[in-house]
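Chemist: For this one, chain A is given, so just place chain B on it according to the hints.
Protein chains in written order, with the working numbering: chain A, 1 to 177; chain B, 1 to 836.
Since the hints were made in silico from the structure, they are not lab data. Incorrect hints may have been included.
[Said to hold, decoys possible] Cβ-to-Cβ under 7 Å is the rule here; a few derived chain A residues that face chain B:
hint: 1; residue: Leu46
hint: 2; residue: Gly106
hint: 3; residue: Phe107
hint: 4; residue: Gly110
hint: 5; residue: Thr115
hint: 6; residue: Asn119
hint: 7; residue: His123
hint: 8; residue: Asp128
hint: 9; residue: Ala131
hint: 10; residue: Gln134
hint: 11; residue: Thr136
hint: 12; residue: Thr141
hint: 13; residue: Val151
hint: 14; residue: Gly168
hint: 15; residue: Arg169
hint: 16; residue: Leu174
This structure is a prediction, so every number in the text was calculated from the model and none was measured. The beta carbon of each residue, even a glycine, is placed where N, CA and C say it ideally should be.
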Amino acid sequence: MKRCRNLVEVGRRQFLRGSSLAATGAVTAAVLPSSKAEAAGNAALLTYPSNRLANLSDLTLDQPMDVSYPDDEAPGVLIKLGKAVEGGVGPDGDVVGFSTVCPHKGFPLGFNAETKTLNCPGHYSVFDVEAGGQQTFGHATQNLPQYVLRVDDKGDIYAEGVDELLYGRLSNVLGGN
Amino acid sequence: MAYKRQIGRLPIIPADAKKQNVTCHYCIVGCGYHAYSWPVNKQGGTAADSNAFGVNLSEQQPAETDAWYAPSMYNIVKQDGKDVHLVIKPDKDCVVNSGLGSVRGARMAENRRSDVTGTQQQRLTDPMVWRYGTWQPTSWDDALDLVAQVTARFIQKDNEDQLFVSMFDHGGSAGGYENTWGTGKLYFGSMKVKHCRIHNRPAYNSEVHSTRDMGVGELNYCYEDYELTDAIFMVGANSLETQTNLYLNHMIPGMRGDSLGKKKQELPNEAHAAAKVIIVDPRRTTTVNACEEAAGKENVLHLALNSGTDLALFNTLFTYIADQGWVDSDFIKASTFQDGTAQPEDAAHPCALGSLELAREACKMSLADGAKICGLAEADIVKAAEWIAKPKEGGVRRRCVFPYEKGIIWGNDNYRTIGALVNIGLLTGNIGRPGGGVVRLGGHQEGYMRPADGFIGRPAPYIDDLLIKGGGKVHHIWACDHYKTTLNATEFKRVYNRRSNLVKEAMDAAAGKSRAELVDAIVAAIEAGGLFSVNVDIIHSQIGQAAHVILPAVESGEMNLTSMNGERRMRLTEKYMDGPGAAMPDCMIAAHLAQHLERVLEAAGQGDYAKQFQGYNWKNEEDAFMDGYYANTGEIVTYDRLRAMGNNGVQEPVTAFEDGKLIGTKRLYADGTFGTADKKARFCAGAWRGLEAPGKTAEKEKFTYLINNGRSNINWQNWFLDQDNDFVIDRYPYPFIEMNPEDMAELGVKAGDLVEVVNDAGATQAMAYPTPTAKRKETFMLFAAPSGAQGNVVNNGTNTLILPNYKQTWGDIRKISDAPAAVKHLSFKSKEYKPA
Chain A
1 MKRCRNLVEV
11 GRRQFLRGSS
21 LAATGAVTAA
31 VLPSSKAEAA
41 GNAALLTYPS
51 NRLANLSDLT
61 LDQPMDVSYP
71 DDEAPGVLIK
81 LGKAVEGGVG
91 PDGDVVGFST
101 VCPHKGFPLG
111 FNAETKTLNC
121 PGHYSVFDVE
131 AGGQQTFGHA
141 TQNLPQYVLR
151 VDDKGDIYAE
161 GVDELLYGRL
171 SNVLGGN
Chain B
1 MAYKRQIGRL
11 PIIPADAKKQ
21 NVTCHYCIVG
31 CGYHAYSWPV
41 NKQGGTAADS
51 NAFGVNLSEQ
61 QPAETDAWYA
71 PSMYNIVKQD
81 GKDVHLVIKP
91 DKDCVVNSGL
101 GSVRGARMAE
111 NRRSDVTGTQ
121 QQRLTDPMVW
131 RYGTWQPTSW
141 DDALDLVAQV
151 TARFIQKDNE
161 DQLFVSMFDH
171 GGSAGGYENT
181 WGTGKLYFGS
191 MKVKHCRIHN
201 RPAYNSEVHS
211 TRDMGVGELN
221 YCYEDYELTD
231 AIFMVGANSL
241 ETQTNLYLNH
251 MIPGMRGDSL
261 GKKKQELPNE
271 AHAAAKVIIV
281 DPRRTTTVNA
291 CEEAAGKENV
301 LHLALNSGTD
311 LALFNTLFTY
321 IADQGWVDSD
331 FIKASTFQDG
341 TAQPEDAAHP
351 CALGSLELAR
361 EACKMSLADG
371 AKICGLAEAD
381 IVKAAEWIAK
391 PKEGGVRRRC
401 VFPYEKGIIW
411 GNDNYRTIGA
421 LVNIGLLTGN
431 IGRPGGGVVR
441 LGGHQEGYMR
451 PADGFIGRPA
461 PYIDDLLIKG
471 GGKVHHIWAC
481 DHYKTTLNAT
491 EFKRVYNRRS
501 NLVKEAMDAA
511 AGKSRAELVD
521 AIVAAIEAGG
531 LFSVNVDIIH
541 SQIGQAAHVI
551 LPAVESGEMN
561 LTSMNGERRM
571 RLTEKYMDGP
581 GAAMPDCMIA
591 AHLAQHLERV
601 LEAAGQGDYA
611 KQFQGYNWKN
621 EEDAFMDGYY
631 ANTGEIVTYD
641 RLRAMGNNGV
651 QEPVTAFEDG
661 KLIGTKRLYA
671 DGTFGTADKK
681 ARFCAGAWRG
691 LEAPGKTAEK
701 EKFTYLINNG
711 RSNINWQNWF
721 LDQDNDFVID
731 RYPYPFIEMN
741 PEDMAELGVK
751 AGDLVEVVND
761 AGATQAMAYP
771 TPTAKRKETF
781 MLFAAPSGAQ
791 GNVVNNGTNT
801 LILPNYKQTW
811 GDIRKISDAP
821 AAVKHLSFKS
831 KEYKPA
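Same shape as in the complex, but just chain A (with noise of 0.2 Å):
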């Protein structure tokens, strides 16, 4: 939530002064991948990492809680509704992930727990975590990036996948295959 807030207020300092930030804003991962997957030459499809962003028990209720996927310039967050959702993971289907970079112009989300939305700064745009990322308002052409997610038996969480494409890069896998 901190980190939300303080996203906030880059965010409005950048929009003043027009100038660039997206990855910078960021993010040290909270928690650190655990692997990555060996890139598989001349695929027909990207080939994502499988990374361990969290566990389900650091999962605190309506607490974005700060990942980055799939490398650390790209932020994101988990986040712990308290009701099964589209996308979502863990025993109550209530996890899900989203890119916190704007698909407009790259400014950070910041996530307001009351409507359950992440907002943007720089343009106003709204984008709906408990319905898939669906921009409710807004300027992108593209709805908010959610992370494909695994839970292993041990409550571990797992990303390996973006449903669309991340602001600032023509290729989610950076330089990957």
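Modeler: Just chain B now, kept in the frame of chain A:
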């Protein structure tokens, strides 16, 4: 689940890709973009020297980077018959948008027809004729011959009154100077067709007669004025959603104070602060929310007045400001009419025009009366007056921009209301000055070049009503869809379907007959009450379902096209891809139709008349541009000269070509002379007179809910394409109707439920969107939806001069069904930005 493209990687634009100028063709703002294209078997690389940006793309790029594009900005299209990659991305050096892309324009590439990626398969590729009980593709010559043969039976030299024409008059899209000239030359030059109407209204008239009559053209400022002003008085507009990058790139810097340096530099001899914002709208919009975030709530005043009472508000403000003496006396003396009445009220002028004194007398309204009629606090009206006009330190005149749009254009008493707003601008000296302007915000871009239309008369014929009453024999339609965007649409569709079906049945019965026999059969059906309908469009529209001949057009980018935006900025969009199949520019379709009419009339022994259809030997759209715009505007602007001006173009009127550059005009009326015979602006003497259009007062009394209506961020001037766009249709498969949650509870309606809106004019459907900020019994319905036309419930009563009054509509609401499957996954949360 929300729609996701599942695209994790895009082809990289190579360093040697072709780069062309593009002005977004959707809305009035006209943001600059570039189209990059390159052969389909090539690609750039991440190394800085192998991509168009000269940037290492194996690294994460920062916010606002120029070196990124979304999947919606990419496609594979045909160019000179070959498949090419296409990226259309915002131009950071364009002064209009500075690299911003809206949710609409940033999908231009995705909204091109592609036979490779499968996008926009709804685009028409071939002329079609009603044949064998459905539409069959055919050749241009076959289709145009049938149109000319039937049309020629109902037009005579000096009497073309049986030919009805609906034709766009705008720029951008498939409009522009080329195409308005092509159609205009045919219908106003070769012919004098008085039974015509414009794409979005049922007559051929101005939407802003009064401001023009007052000598004030409606696009009189430049976008930079929002960065120079002390106040923005926005009326009936939701600019965050419908002029997005004008709002984000010019209004926001003005209201945040980002432009203070520019103010001090350009206007050094006065005090400056961030602009205050007054928004006049019965509804709390996302624009109000964003203004509060940007300017601070204390600097934003939302006047949520009673629907249709804008005239009373403006007259109250006008009275109060004049009484305080916060007026620009020197300007009024030098630049406005001084001697009483310049134009008396008559059938063509819904009120008198003349001097300030004349207007003060007619418009006089006390704070108490104004507040009561508008449902506002007197203190708020006073605050608005102070923000607009109370002099700054040292008695210096405040600057204020007065942007307005459909809230009053399609609202109550159009003529007097717009005139009353212009009154305040004239009173305070805010026209032709930096930080001023009383301006339309606009819908499409503009791009009007046609022969004179004075023969149509004023008030202009109410075409849709005449069609309902059996008028007209042949109907040519150019990119208009009455079925979605007219009033009294329930009745219009019922009658139009019946009349056009008579002709379809006759054509079915004449299957296999000769052309002459077919034409005779069609003519007989028309004489029996039928209507022959010719539809020129880029898609098979809803009114196109009634057509007998369908002619495929191209749009901007599939042809070279020139338009001007809301600050009169003219640009050339270069042709960057082939049109679909056999589709042609509208100007070329008009030219070929003229040539077929000439041939058919000649063969019918009407040689004199046939000669009127000569002069269309254009090879392409550039020839049409030279024949129309170039020849009629001082022979200055050519394609080559405009192309060289890039995405910043030149602001019209263009006055010269010097040192390799076109010289334009930053603001109109900067010299204090106006567009009247004596160069003096007029004040509008229009008193408040309640709901003016016939039937509105009775409808308000009879029905429970206000059915206010308008556009949304995502559904705007691009809806004709977006009805086939997965991202857009996923968000709103049905038109939303914003309702107060307590009203919904009363009706037993939940989020996403389908409801029917019904009144004496007809019925339509919408999807309930709970909106806590909505006033009780006041709804807002998305306008012009393919899956629920709001016009179905708008009665046939228009404002004087045949201006439709969509906004003042009342109806009852009842539930049709629970949320359909396509609706269940949607976000129904507040559209407002709420920081954590």
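Chemist: All hints are to be evaluated individually against the structure, with a verdict given for each.
Modeler: For each hint, the structure was consulted:
no.	hint	verdict
1	Leu46	holds, 4 Å
2	Gly106	holds, 3 Å
3	Phe107	holds, 5 Å
4	Gly110	holds, 5 Å
5	Thr115	holds, 6 Å
6	Asn119	holds, 5 Å
7	His123	holds, 6 Å
8	Asp128	holds, 4 Å
9	Ala131	holds, 4 Å
10	Gln134	holds, 4 Å
11	Thr136	holds, 4 Å
12	Thr141	holds, 4 Å
13	Val151	violated, 19 Å
14	Gly168	holds, 4 Å
15	Arg169	holds, 6 Å
16	Leu174	holds, 5 Å
The structure is inconsistent with hint 13 alone, although it conforms to all the rest.
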